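Colleague: Residue numbers (full-length UniProt numbering), protein chains in the order written: chain H, 1 to 370; chain L, 1 to 150; chain X, 1 to 138.
Think of the hints as simulated: they come from the structure by calculation, not from any bench.
In this text, all values refer to a predicted model and were calculated from it rather than measured experimentally.
Beta carbons: idealized from backbone N, C-alpha and C, even for Gly.
Be aware that a few hints might be false.
[What the hints assert, rightly or not] Calculated lysine-lysine pairs in the DSSO-like style (CA-CA distance at most 30 Å, straight line):
id, chain 1, residue 1, chain 2, residue 2
1, H, Lys-98, L, Lys-6
2, H, Lys-98, L, Lys-149
3, L, Lys-10, H, Lys-19
4, H, Lys-102, L, Lys-10
5, X, Lys-80, X, Lys-119
6, L, Lys-6, H, Lys-106
7, X, Lys-105, X, Lys-76
8, H, Lys-109, H, Lys-9
9, H, Lys-16, H, Lys-103
10, H, Lys-14, H, Lys-106
11, X, Lys-80, H, Lys-65
12, H, Lys-9, H, Lys-143
13, H, Lys-15, H, Lys-103
14, L, Lys-149, H, Lys-103
15, L, Lys-6, H, Lys-101
16, L, Lys-92, X, Lys-19
17, H, Lys-14, H, Lys-101
18, X, Lys-3, L, Lys-6
19, L, Lys-10, X, Lys-96
20, L, Lys-149, L, Lys-131
21, H, Lys-102, L, Lys-150
22, L, Lys-92, H, Lys-65
23, H, Lys-14, H, Lys-129
24, H, Lys-65, H, Lys-101
25, L, Lys-92, X, Lys-128
26, X, Lys-74, X, Lys-119
27, H, Lys-19, H, Lys-9
28, X, Lys-3, X, Lys-80
29, L, Lys-92, X, Lys-119
30, X, Lys-3, H, Lys-109
31, H, Lys-129, L, Lys-10
32, H, Lys-101, L, Lys-10
33, X, Lys-3, X, Lys-105
[Claimed, not checked] Per label pair, the in silico range of CB-to-CB distance:
id, chain 1, residue 1, chain 2, residue 2, range
34, L, Gly-135, H, His-180, 49 to 55 Å
35, H, Pro-169, L, Pro-59, 54 to 60 Å
36, H, His-180, L, Ser-3, 42 to 48 Å
37, L, Glu-26, H, Cys-46, 32 to 38 Å
38, H, Cys-46, L, Asp-89, 44 to 50 Å
39, X, Thr-31, L, Glu-142, 25 to 31 Å
40, H, Glu-108, L, Glu-142, 54 to 60 Å
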Amino acid sequence: MGYTGITSKILTQKKKFQKLIVFNLLEACQCGICHEFLSVPMMISCGHNYCYRCLKNWFMTNVNKELNCPNCRESVVNEPCLNLMIEQTLASLFEVLKARKKKMFKEEKERADLDELLRERFDDSFYHKNDKNQGTLFDGIFKNSAVAIADADDDGIPRCSNCHWELEPEDMEDENICPHCHARIRNNASSLGNPNSINLNGRPTMMGNRDDYSDGEYDQIVDEIRNYNPSDVDSSGESDSSESVGYGHEDREEEDENKEEHDSDLDSFVVDDDEEEGAGDSVNGAIHLAANQGPVNLSSEEDKDSDFYEHHDSDGFVSGDSLGESDNEAPVIQKRPVILDDEDDDDEDVVSVNQRSKRQRRQLVLSDDE
Amino acid sequence: MASLPKRIIKETERLVTDPVPGITAEPHDDNLRYFQVTIEGPAGSPYEEGLFQLELYLPDDYPMEAPKVRFLTKIYHPNIDRLGRICLDILKTNWSPALQIRTVLLSVQALLASPNPNDPLANDVAEDWIKNEQGAKQTAREWTQRYAKK
Amino acid sequence: MSKIPRSFRLLEELENGEKGFGPESCSYGLTDADDNTMTNWNGTILGPPHSNHENRIYSLAIECGPNYPDEPPKVKFISKINLPCVDQTSGEVVAKNFHTLRDWKRSYTMQTVLLDLRKDMATATNKKLPQPEEGSTF
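Bound conformation, chain H alone:
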C-alpha cells in the first residue's frame, strides 16, 4: 500500500463519494467570470482565480474605477500572477479528455465542442504569452496606474503613489483617477485601511449540484460525508481488479523541503512543477521517477469499471504544455505521455519520461479493467 492518509482514504471510497469529490474539484476550477474551466488562471492577492482574458477584460472596463476582485471586491494593487498549479492540473485534465475523446464523446457535436474549447484554450495561452512578451500584461495597467497610499507617520492622508497629490474622497467619487497626474488609482482611496468586502451571493458552492443526483442520492452522499468514519473503509485488496497507480515525480530535489520520503507519501494526481529550469532536471527527475514508482494496489468492489485513463499516444494533441517551450518563457510545462495499462499489467516501467522535460509531473495511472 503506497498511499497513506487522506488520499488513500479517498481512493478507497465508494464511487459516488469519489464522484462528488471530483465534481467539487472541477467546480473549483471554473472561472467566476466566464463559467468555463479556467484558461490561463491568474490569481489575485486575495486568492481568487480568473482566466487571464476575463480578468483583463474586467480591468479594462470601467476604466475610471479602482481595480477589484469580482468575487470579494478586494482592491487589486499587485499584478495577478499565473496560478501554475491550476494551469497544470487542467492541462493534464484536457490531455486525458483529448485522448479519450472518441470514447467519452459519442456525438459529433460534443467532439466539435471539445475541439473548439481546446482551440480557445490554445488561443488564450498564446494571447497571454504574447502580452507577456510585449510587456503589456493586463494592457500595462499595473505599470501605468498608481496606488493610493496613506502614510500614518506623515499626515495619514491618502496620496497618489505617482505624484504624491492628495486624493480627496470627494474628488474620487465619480472616477478613481488622480486629479493631478490623471493616473488611474488601482485601490479605493476613500476606504483606505478599511477594505470593503461585500459578500456576493451566488458563487458556485462547493457542494455538488443536486441535479446531478437522483432523489435522495445526493442527501445520502452528503450524509455519508458527514458521518464518514475512516474505520469503515475496507482497504484490503482482495478483489481481482486492481488499479496500479504509478506516478512520475517532479524534480524539485534541489529543494530541501522536498524530501524523498515525503514524496512517496504523496499521491500523485496532483500536478507539480518546478520553476527552475536547470539542465540536469530531467535526468534527475527520471531517476527519482524510477525510485518512486511503486505500484499501489487499490481495490474495492466499486472499482471494477474504472477506466479513467487509457493508453494514448498524444496524437497530435496540442496542449498548453507545448506552448511553453520557448526559452526563458514563463511556465514551461512539459508533458509526459499518460500511461496506459490496459492489460492490467502492473509493470512499473510503463512510465516513460519525455526527455525534453524541464518539468515533470506526477500522475495517476490506473489500469483499465475493461
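Go by the hints and put chains L and X onto chain H.
Modeller: Positioned in the frame of chain H, the structure of chains L and X alone reads:
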C-alpha cells in the same frame, strides 16, 4: 445576430433546471438576451402575495456590464421609479462579473423586502416612506393588490 | 451586435435626453413621466442660424410605437413650419419625403431625427422658405 456567449447559455439552462424559488426568468424566442421575469413579493413585506413582472436584458458587454432590469408591474417602492427603473448599486457602480442573472434577481427580491428610502429613486415615495412608514407600507400593499395580484 | 429591446433602448434615450448629452440645438423628453410604455415624447428643435428659422424654437410630438426602434417613430410638428417634408395641414413629417424616416435604421434615435430635421431646415433651398408667424401651431 452574433452567437450567444456560452456563459449566457449556461445561465439560461440553469435558470430552468435549478430555478430560484419565487423567481422565474425565461428568454424571448426571438431574443435570447431578453428575459421575461416574474418575482414573487417576499413574505412579510407589503409586496407579499404580489407577482411582479419584470424585463431583463443582457447587453453586449455582459458580464462585464450589468444586466438591465426594469419592473413592468407598477409598484410603490422608494427605490423603484414610475417607469420601473430600479435603484440598486449592483446594477450600476457596484456591478461585478461574478454576479449573474439569478443573483441579480435575488437582490431585486431582497430590495422588496428591505426598501432603502435614504437612497431613493422615487423621491416622493421615499419622502412618504420616511415621514409615514406605516402609511407608505399601506399604500404599497394597496398597489400590490391593485396591480400585482396573482 | 445584439438587439436591445424597445424599452431599454427608450430608457437609454430618456437618460441621454435628461442628462442633456448631445448638442443643445435639440432636446426631447417623455410627455407623461408616468407612462411606462414610453410611447409619447416631446421634442424641440432650435432653428438653425443663417436661415429663416434662426432663433425660433419648434415643438414636436414624437410617437414611438410598439415596434420602435425596428420601425421609425411618428413625428409631428406642433409649431407651424413650412418644410417640404411636413404635411401643411397636420404638421406630420411625411416619411416618404424625409430620408431619415424613409431609410430608417435601428441604430437611429429620436435625436437623429431631430438633428436631421434641423439639417433639413438649413439646406440651401429650405432655409429661404417663407415661414408662418412665430408661435403659431398646427
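Colleague: Determine for every hint whether it applies to the structure shown.
Modeller: A quick look at each hint next to the structure:
Under the criterion of a C-alpha separation no larger than 30 Å, the hint pairing Lys-98(H) with Lys-6(L) is consistent with the structure, at around 20 Å. For the proposed pair Lys-98(H) and Lys-149(L), the alpha carbon gap of about 54 Å is over 30 Å, so the pair is violated. Taking the CA atoms of Lys-10(L) and Lys-19(H), the gap is near 21 Å; set against the 30 Å cutoff, the hint holds. Distance check on the hinted pair: Lys-102(H) and Lys-10(L) sit about 24 Å apart at the alpha-carbon level, within 30 Å; holds.
Taking the CA atoms of Lys-80(X) and Lys-119(X), the gap is near 17 Å; set against the 30 Å cutoff, the hint holds. Taken as a hint, the Lys-6(L) and Lys-106(H) pair is honoured in the structure, with Cα atoms around 21 Å apart against an allowance of 30 Å. As the CA atoms of Lys-105(X) and Lys-76(X) are separated by approximately 19 Å, the hinted pair is consistent with the 30 Å bound. With a CA separation close to 38 Å, the supplied pair Lys-109(H) and Lys-9(H) exceeds the 30 Å bound.
Note on Lys-16(H) and Lys-103(H): the hinted pairing holds, with a Cα-Cα distance of about 21 Å set against a maximum of 30 Å. Straight-line distance between C-alpha atoms of Lys-14(H) and Lys-106(H) comes to about 27 Å, which keeps the hinted pair within the 30 Å bound. The suggested pairing of Lys-80(X) with Lys-65(H) is violated, with an alpha-carbon distance near 48 Å, which exceeds 30 Å. A C-alpha spacing of about 48 Å is found between Lys-9(H) and Lys-143(H), which places the hinted pair above 30 Å, so the restraint is violated.
Under the criterion of a C-alpha separation no larger than 30 Å, the hint pairing Lys-15(H) with Lys-103(H) is consistent with the structure, at around 20 Å. A threshold of 30 Å between alpha carbons decides the hint, and for Lys-149(L) with Lys-103(H) the separation of about 53 Å lies outside it, so the pair is violated. A distance of roughly 21 Å separates the Cα atoms of Lys-6(L) and Lys-101(H); the hinted pair therefore holds under the 30 Å criterion. Distance hint between Lys-92(L) and Lys-19(X) is fulfilled; the C-alpha atoms sit about 16 Å from each other, no more than 30 Å.
Simply put, Lys-14(H) and Lys-101(H) have alpha-carbon atoms about 26 Å apart, close enough for the 30 Å limit, and the pair holds. For the proposed pair Lys-3(X) and Lys-6(L), the alpha carbon gap of about 18 Å is at most 30 Å, so the pair holds. Between the alpha carbons of Lys-10(L) and Lys-96(X) the distance comes to roughly 45 Å, so the proposed pair goes past 30 Å and is violated. Proximity of Lys-149(L) to Lys-131(L) is assessed by CA-CA distance (about 27 Å); at most 30 Å being required, the pair is judged to hold.
Between the alpha carbons of Lys-102(H) and Lys-150(L) the distance comes to roughly 51 Å, so the proposed pair goes past 30 Å and is violated. This hinted pair checks out: Lys-92(L) and Lys-65(H) have alpha carbons roughly 12 Å apart, not beyond 30 Å. Distance restraint check for Lys-14(H) and Lys-129(H): the Cα-Cα separation of roughly 42 Å exceeds the 30 Å cut-off, and the hinted pair is therefore not satisfied. Taking the CA atoms of Lys-65(H) and Lys-101(H), the gap is near 44 Å; set against the 30 Å cutoff, the hint is violated.
With a C-alpha separation of about 48 Å, the suggested pairing of Lys-92(L) with Lys-128(X) is violated against the 30 Å cut-off. Of the pairs offered as hints, the one joining Lys-74(X) and Lys-119(X) holds, with about 18 Å between alpha carbons and a cut-off of 30 Å not exceeded. A distance of roughly 14 Å separates the Cα atoms of Lys-19(H) and Lys-9(H); the hinted pair therefore holds under the 30 Å criterion. Between Lys-3(X) and Lys-80(X) the CA atoms are separated by roughly 36 Å; this puts the pair beyond 30 Å, and the hint is violated.
For the given pair, Lys-92(L) sits about 36 Å from Lys-119(X) by alpha-carbon distance, which is inconsistent with the 30 Å threshold. Taking the CA atoms of Lys-3(X) and Lys-109(H), the gap is near 28 Å; set against the 30 Å cutoff, the hint holds. A distance of roughly 29 Å separates the Cα atoms of Lys-129(H) and Lys-10(L); the hinted pair therefore holds under the 30 Å criterion. Simply put, Lys-101(H) and Lys-10(L) have alpha-carbon atoms about 22 Å apart, close enough for the 30 Å limit, and the pair holds.
Annotation: proposed proximity of Lys-3(X) to Lys-105(X) holds, straight-line Cα distance about 12 Å (limit 30 Å). At about 50 Å, the CB distance of Gly-135(L) to His-180(H) agrees with the hint of 49 to 55 Å. Range check, Pro-169(H) to Pro-59(L): about 30 Å between beta-carbon atoms, so the 54 to 60 Å window is missed. Between His-180(H) and Ser-3(L) the beta carbons are some 45 Å apart, a value that agrees with the proposed interval 42 to 48 Å.
Distance hint for Glu-26(L) and Cys-46(H): a CB-CB separation of about 36 Å, consistent with the stated range 32 to 38 Å. For the pair Cys-46(H) and Asp-89(L), the beta carbons lie near 20 Å from each other, so the given range of 44 to 50 Å is not met. Range check, Thr-31(X) to Glu-142(L): about 27 Å between beta-carbon atoms, so the 25 to 31 Å window is met. At about 58 Å, the beta-carbon gap between Glu-108(H) and Glu-142(L) stays in the expected band of 54 to 60 Å.
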